[in-house]
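Colleague: Listed below, chain by chain, are the residues.
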Amino acid sequence: MILINCPYCGEREQSEFTNGGEAHVIRPKDPDILNDKDWGQYVFYRSNPKGIFYERWVHTHGCRKWFNVVRDTSTDTILKIYKLTDNKPDISEFQSTLKSPSGEPIVGSGNFAVKK
Amino acid sequence: MRKKYSIFSLIKNAFSNNENWQKMWESPEPKKGYDVIIVGGGGHGLGTAYYLAKEHGFKNIAVIEKGWLGGGNTGRNTTIIRSNYLWNESAHLYDHSVKLWENLSEELNFNMMFSQRGVMNLAHNEHDIKEMKRRISANRLNGLDTQWIDTKQIKELVPIMNTENLRYPVLGAAFQPRGGVARHDAVAWGYALRSNEMGVDIIQNCEVKDIKTDNHKVEGVNTSKGFIKANKVAVVASGHTSVLAQTAGVRLPLQSRPLQALVSEPIKPVINTVVMSNAVHAYVSQSDKGELVIGAGTDGYNSFTQRGGYDVIEETVRAIVELYPIFGKMKMLRQWGGIVDICPDASPIISKCEVKGLYFNCGWGTGGFKATPGSANVFAHTVANDEPHKINAAFNLERFSNGRLIDEHGAAAVAH
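Protein sequences appear in the order of chains A and B.
Quick note on the numbering used here: the first sequence kicks off at 1 and runs consecutively.
Quick note on the numbering used here: the second sequence kicks off at 1 and runs consecutively.
So here's chain B without its partners, still in its complex pose (with noise of 0.2 Å):
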């Protein structure tokens, strides 16, 4: 039954202290076997899913998650979305992403608080500034929404910014309106409840430890609940994608970090817009509790500990301090760190491998959260049909042969 939310139930359940809330999603034991098998329950992987059934059709398919859902990079990052990315293949895939993004909410009837509340690139320097009008000159021509705005409205939009007394003066910067925030747990339950009605069924706390592959063929997964077979696997575990692609033999050019994000104590709106500043390397938004979000760079390792060093949140601190100095006094409640998996040239995979049957949707490094809708349209439809949809064929395994590098570390924002 096609659970619907609306201001009517959330009346009704508040009558009832909230205790009589449905199920949103059922836990069954995995069958012997599924047409598609998805390893990892993110948001790309439980929308992969739900795509899968919605468009392509396919009635049998598994999503299975080694921890909660939700529970990685998808519960671990700073909810930004935008789209003004430089390159055409970048453009088209992130932006097909936001257009998605304005509909979901209504598409799965899941608030997914998507607040188009812009984001703001901090030019510091003559260099930023010129490359920040060529990125806008490249969005525009992709019919993106980015546009220069000088110190005077940065001021206006963000009044507690300090644009003078600092090292690196604000001088400028790109402004993408349509860009904003969403709620990050939203998206996994909201894909997760829509698809489970599809019929797909969603296991947690079932760690794939192996795939199988037999003749560059695979076969299935050998998973912590026994072996289940599978006509197709799509990966889509982030930091550990390369190494279960090392269980089938496929090697993928990604190397995994930790990335990290803090949290402040909640306090009065202050900020309604994202800033990011690649330069000092400091981005700040304020979620709707009241807290500030704030994200720190990449550790300069590899590591699978999803912590990393107070070094890398230091340097982010010292940097917003310096921006906004009312939030010299503030104190940070938490922090965390999820791994990431970067490319070589910050843009993702989204890709068929050469054992048959094996895809991958990987590489997304420091910004996959926004891309996440896309991301899952894009690989179900090269799942289903075992070709790339037109949008992520430039997204291959075989640029990194061929050279055709999607280069977007300018874009990327988070120094890595």
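So that you can see chain A by itself, here it is in the shape it has in the complex (with noise of 0.2 Å):
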């Protein structure tokens, strides 16, 4: 279990918080141009990395506020935790721990088969 660090209520378990999936997803402005490839990117098509992952949760169980997160699917580490109204924070603040796409990294991971 990840403990989260809610910026309204402090640190509590994730078993607290709703994922909401991933941030900065934009509704298209001019939907009326759009066609069925564009909608369905849109509607189904989400970012899915191992890596840093800009992410929504909501506190459910406590203040019922939502912020976003960015944090290393890889380890499941919290790299930083920022409220909805300020600026989504630049990729290369953060550090990945993976040597390729699809590696492990050498901690927080538990798949022992590859782990080096």
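Calculated directly from the structure, the hints in this document are not laboratory data.
Note that the structure is a prediction, hence the values are computed from the model and not measured.
Per label pair, the in silico range of CB-to-CB distance:
| id | chain 1 | residue 1 | chain 2 | residue 2 | range |
| --- | --- | --- | --- | --- | --- |
| 1 | B | HIS127 | A | TRP39 | 27 to 37 Å |
| 2 | B | GLU354 | A | GLY62 | 36 to 46 Å |
| 3 | B | PRO269 | A | THR85 | 58 to 68 Å |
| 4 | B | SER6 | A | ILE78 | 50 to 60 Å |
| 5 | B | LYS133 | A | GLN41 | 32 to 42 Å |
| 6 | B | ASN111 | A | LYS83 | 51 to 61 Å |
| 7 | B | ASN111 | A | LYS29 | 53 to 63 Å |
| 8 | A | LYS29 | B | ASN162 | 51 to 61 Å |
| 9 | B | LYS23 | A | GLN95 | 37 to 47 Å |
Beta carbons: idealized from backbone N, C-alpha and C, even for Gly.
Join the two chains, each given in its own frame, into one complex according to the hints.
Modeller: Now the structure itself:
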């Protein structure tokens, strides 16, 4: 279980929160000009990186407020927590621990089959 | 030489202390190039190699695996096999698989320990009953053997179940007698053994780092053992499929999440069927060793850590103990997580894509094991002919733009 530091309530267990998927997905500005493929991208396609991921969380069993989190999905380390009104932090602020896109981190993975 | 396994070979090798068994497959260094490279040495990938060699006459195939064979989700699932899915497309696909399972031990001459002990899906409220009866009717129209059983029949099949004295009483169940369990390692090993005999190179401990493309055509893969050229690349890497697709510039509608399972200490036989419950989220079967095999739900967030959170298994164990009070004092021996790739409609993608020569078999989410032979069989057809088999034609990538989704969240059994 991971601990999440809610910007409004402080550090709580992850089970108090609900994940809201990828952050910074913007609804198309001019829906009328979109074709089916573009709509499909907006409705069904989300980034799924191994490594640095921008995501939304809501403190369901607490203040019920939404906020954004930057997390390394290969280790579950939380790198940054910021409010919805804050600017998106640049990806260069964070360091990925992976040597290849589908590699395993040295610490934080349960995949002992391929950890070196 | 074809390695035959029989009762006689077992006895013979028992006399030499089981030290003289032949190696099951070779571990060669990769060649410079292949006709087909399959990324991912789990059941689906090895099966694809097997059917490509056997049914489509491909001679020059490699299976490339990051860790060891069957060490990913093939070795991390709860081995449940069934085909009681709602929609026609899914029923055909999953039952194609069950039919292949039924003859797989004989076909591969390798014991799959396939046991058709039946799979039961419990109903806990009025809505469950209605939804399940609808699914049973749909199944029967597709020629599946699903049937409705009442609480009395459930008690006869599983006497240890507490059906009344619990928060969500058991009101009945959908039962598929042809469903069951199989041995997870055996399917990977069996396919590896027989495809290796037909000349497939099985390359373990070799990570595919990226897929190289040129002008929308696949060129090969960069691996930890260098670049390997390929005319066709078939990616069957479960949770990591979308990560690899990204390296070829292809976006897939997948989200990767940990899915956990756990096993108990071994006990004498107490439960001889598979019992699943979507509503309270608990499913359990007993392995031939006597361990209870328990499956939990997916964690609520994307992760590649192959561990998962304790709150998820706590919830599952709570439901298990309420359904089966006699398990209350049992000790759990092991817990693990696998990374599953979940599609928006909980159905798989077995499809080509906009890059020529690049194929994906992914999105199996929480229920890929049951489909291993069927998925491999139709995927081999897709890779060989550059056209889908009629069984997997509907499981294409275009459905996420034309809207022809195959929504199987109700039949997927695992909460996500």
